[in-house]
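Enquirer: Chains H and S, in that order, are what the protein sequence lines are. So in UniProt numbering the end of the first sequence lands on 343, straight run, no missing numbers. So in UniProt numbering the end of the second sequence lands on 343, straight run, no missing numbers.
Keep in mind that the hints are not guaranteed to be accurate.
[To be verified] With a straight-line Cα cutoff of 25 angstroms, these simulated SDA-like cross-link-like pairs (lysine to any residue) come out: (1) K96(S) x M101(H); (2) K96(S) x Q114(H); (3) K96(S) x A122(H); (4) K96(H) x A303(S); (5) K96(H) x E111(S); (6) K245(S) x G188(S).
These are computed hints drawn from the structure, not numbers from a lab.
There are 2 protein chains.
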Amino acid sequence: MARRLPTIGDVARAASVSRQTVSNVLNSPEIVRAQTRARVEAAIAELGYRPHAAARRLRTRRASTIAVRLDPFVGGISGAVLDRFLHALTERAEAKGLSVMLYTATDAADEIRQFRRLVDGAVVDAFVLAATYYGDPRTEWLIEHGQPFVTFGRPWGIADLSDPLHFWVDVDGRAGVRDAVARLRETGAQQIGFLGWPAGSGTGDERRAGWAAALRESGIGDSELVRLTVESEDGVAEARAATRKLLAQASDLDAIIAASDTLALGVLIETAGALPVVGFDNTPVAEAIGFSSIDQRVDEVAAAALELLDLVGHAEAGGPGGHRLIAPDVIMRAQGPALGLVG
Amino acid sequence: MARRLPTIGDVARAASVSRQTVSNVLNSPEIVRAQTRARVEAAIAELGYRPHAAARRLRTRRASTIAVRLDPFVGGISGAVLDRFLHALTERAEAKGLSVMLYTATDAADEIRQFRRLVDGAVVDAFVLAATYYGDPRTEWLIEHGQPFVTFGRPWGIADLSDPLHFWVDVDGRAGVRDAVARLRETGAQQIGFLGWPAGSGTGDERRAGWAAALRESGIGDSELVRLTVESEDGVAEARAATRKLLAQASDLDAIIAASDTLALGVLIETAGALPVVGFDNTPVAEAIGFSSIDQRVDEVAAAALELLDLVGHAEAGGPGGHRLIAPDVIMRAQGPALGLVG
Numbered sequence: 001m002a003r004r005l006p007t008i009g010d011v012a013r014a015a016s017v018s019r020q021t022v023s024n025v026l027n028s029p030e031i032v033r034a035q036t037r038a039r040v041e042a043a044i045a046e047l048g049y050r051p052h053a054a055a056r057r058l059r060t061r062r063a064s065t066i067a068v069r070l071d072p073f074v075g076g077i078s079g080a081v082l083d084r085f086l087h088a089l090t091e092r093a094e095a096k097g098l099s100v101m102l103y104t105a106t107d108a109a110d111e112i113r114q115f116r117r118l119v120d121g122a123v124v125d126a127f128v129l130a131a132t133y134y135g136d137p138r139t140e141w142l143i144e145h146g147q148p149f150v151t152f153g154r155p156w157g158i159a160d161l162s163d164p165l166h167f168w169v170d171v172d173g174r175a176g177v178r179d180a181v182a183r184l185r186e187t188g189a190q191q192i193g194f195l196g197w198p199a200g201s202g203t204g205d206e207r208r209a210g211w212a213a214a215l216r217e218s219g220i221g222d223s224e225l226v227r228l229t230v231e232s233e234d235g236v237a238e239a240r241a242a243t244r245k246l247l248a249q250a251s252d253l254d255a256i257i258a259a260s261d262t263l264a265l266g267v268l269i270e271t272a273g274a275l276p277v278v279g280f281d282n283t284p285v286a287e288a289i290g291f292s293s294i295d296q297r298v299d300e301v302a303a304a305a306l307e308l309l310d311l312v313g314h315a316e317a318g319g320p321g322g323h324r325l326i327a328p329d330v331i332m333r334a335q336g337p338a339l340g341l342v343g
Numbered sequence: 001m002a003r004r005l006p007t008i009g010d011v012a013r014a015a016s017v018s019r020q021t022v023s024n025v026l027n028s029p030e031i032v033r034a035q036t037r038a039r040v041e042a043a044i045a046e047l048g049y050r051p052h053a054a055a056r057r058l059r060t061r062r063a064s065t066i067a068v069r070l071d072p073f074v075g076g077i078s079g080a081v082l083d084r085f086l087h088a089l090t091e092r093a094e095a096k097g098l099s100v101m102l103y104t105a106t107d108a109a110d111e112i113r114q115f116r117r118l119v120d121g122a123v124v125d126a127f128v129l130a131a132t133y134y135g136d137p138r139t140e141w142l143i144e145h146g147q148p149f150v151t152f153g154r155p156w157g158i159a160d161l162s163d164p165l166h167f168w169v170d171v172d173g174r175a176g177v178r179d180a181v182a183r184l185r186e187t188g189a190q191q192i193g194f195l196g197w198p199a200g201s202g203t204g205d206e207r208r209a210g211w212a213a214a215l216r217e218s219g220i221g222d223s224e225l226v227r228l229t230v231e232s233e234d235g236v237a238e239a240r241a242a243t244r245k246l247l248a249q250a251s252d253l254d255a256i257i258a259a260s261d262t263l264a265l266g267v268l269i270e271t272a273g274a275l276p277v278v279g280f281d282n283t284p285v286a287e288a289i290g291f292s293s294i295d296q297r298v299d300e301v302a303a304a305a306l307e308l309l310d311l312v313g314h315a316e317a318g319g320p321g322g323h324r325l326i327a328p329d330v331i332m333r334a335q336g337p338a339l340g341l342v343g
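Take the sequences, apply the hints, and build the full model.
Expert: Next comes the structure, spelled out in structure tokens:
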């Protein structure tokens, strides 16, 4: 087996510093103490570390392949957004001469085993990861091993969102929900509630924050915010129960924004369509039944992911950084009068 | 460039016979006239034609890759079944050490260009095609060029469904709809209508045929069958209009079977949930809203497709043949009372 190329982790260990410090030396040397910088630079020279060796390989190979994880089909309404992203990515990749290779994984540890297999087999040249989360060990591994990658999803929990080692594209759910509040107000709604996921998911918390920010701007206080929102797991039955709870504590609601189309469907069924609702993801269900929803514009997300892959390894210290935050679209639909559907 | 390997088409041209005749000589020589057989065998020997050279390559290569076409996301409810199939195929392929590579194509001619690119680049070892149709030129090309493939979808319009050169797996939509009629009768329904796609699509015609066969068995005549069915394009609005037409000509209906969940949703909205409906594909929408639907069991389809890929090139004359017809599941759900949803 060929000798393993040194990683950023090897440099960090040799210099007795953190990986972040090595990253800083490479990208923002002015913020690192001179003594530390000298130690890191010595370790880099000694080990022969080359940042993004694999990124250069990506640009020089003629037939390039991107690996994308495809999860088991889990049912439900909202999961379709990642399928839509895959469709858009595959089409746009092909237009750039890139192919998409799929892999599966049962958990993060298994996914890292898959990274190893794909990298060792020289089968793929870059990774596109979706659904990042707090403390995601996958991006850590890819950075450590100099593999080019882009994530659909920001690096949750990392203070420096412009880390030049982590290129990402994400949808600004906070801005989307804020816009939805404004659009509902244009239709005359005054009391606007929020049906969200339990706290702790990055995307769900951002969506709730957009709603809270819009309400605070119009002078609504914290205790009132608490009254106007409830949490629910992402299922139709759970959303119906949560809607009953929400209406019990806030019978004056004019409209509800939900963190997903699944939750929105629960609101719709529970209220017999009487209360305007805005979901999230603009799924085929929202289109077919006819209710408002926030569209993630996955086609733009795919385009941005591929643009960023071109840039991996080219990031300049102090440059614009390798990330894109896409503003979603609020798709308003006229919700018909109650007509009777199911119980 | 390497000399092109002779194809079955080259043999057919050299012997002045059809491709089917060459296939027959290879697989069912007893049905071919002795004189013709001799001419074909001479051409095979002269050209050095080896059937399924690529199939043998598939079995000897260690890292094998299957190509699957991924179409642009078109919205709608029913398209999700091919995404579900892709998820199942990717998982099961990986368990067998196979990877899935995606490609896109704008039409059949473009798809054949993609075949050529993938074959010339030695990028993939076999193809899994979905959505076969009458006069499908893609399978013709793959057979002609000795490329191992399996289709999800039978070879529509080909009389010999057990052609040893075309391995396929399909879902028995006719049996599924027949079962649905029986299940609806168990619930007390007597007059069961059918909302189908316009005639001419293989899958749609099979589904309608299952309904018609079940009704004929209980003594219902042809003119009555005409009264109990209408056609609709696959959209919710179109299905609502078609439902009005169907109920105008058959106000005595107890239940409706629809060729898709999209059509079923149109029935459901138009009838305010009052009439039991059975859709097709058991989509997330059917599950979330709660109506009956026929499930294609795509996981079994994926398993069968991979089993068949193992067999490509091993088909024996007079053997069991390389195809599987999967019986779908009728998922019956209690449709709640009208509760009011949208207009």
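Enquirer: Next, verify each hint and record whether it holds.
Expert: Hints, one by one, checked against the model:
1. K96(S) x M101(H): holds (16 angstroms)
2. K96(S) x Q114(H): holds (14 angstroms)
3. K96(S) x A122(H): Holds: K96(S) and A122(H) sit about 19 angstroms apart, inside 25 angstroms.
4. K96(H) x A303(S): Violated: K96(H) and A303(S) sit about 33 angstroms apart, past 25 angstroms.
5. K96(H) x E111(S): The hint holds at about 17 angstroms.
6. K245(S) x G188(S): Since the Cα atoms of K245(S) and G188(S) sit roughly 24 angstroms apart, the hinted pair holds (cutoff 25 angstroms).
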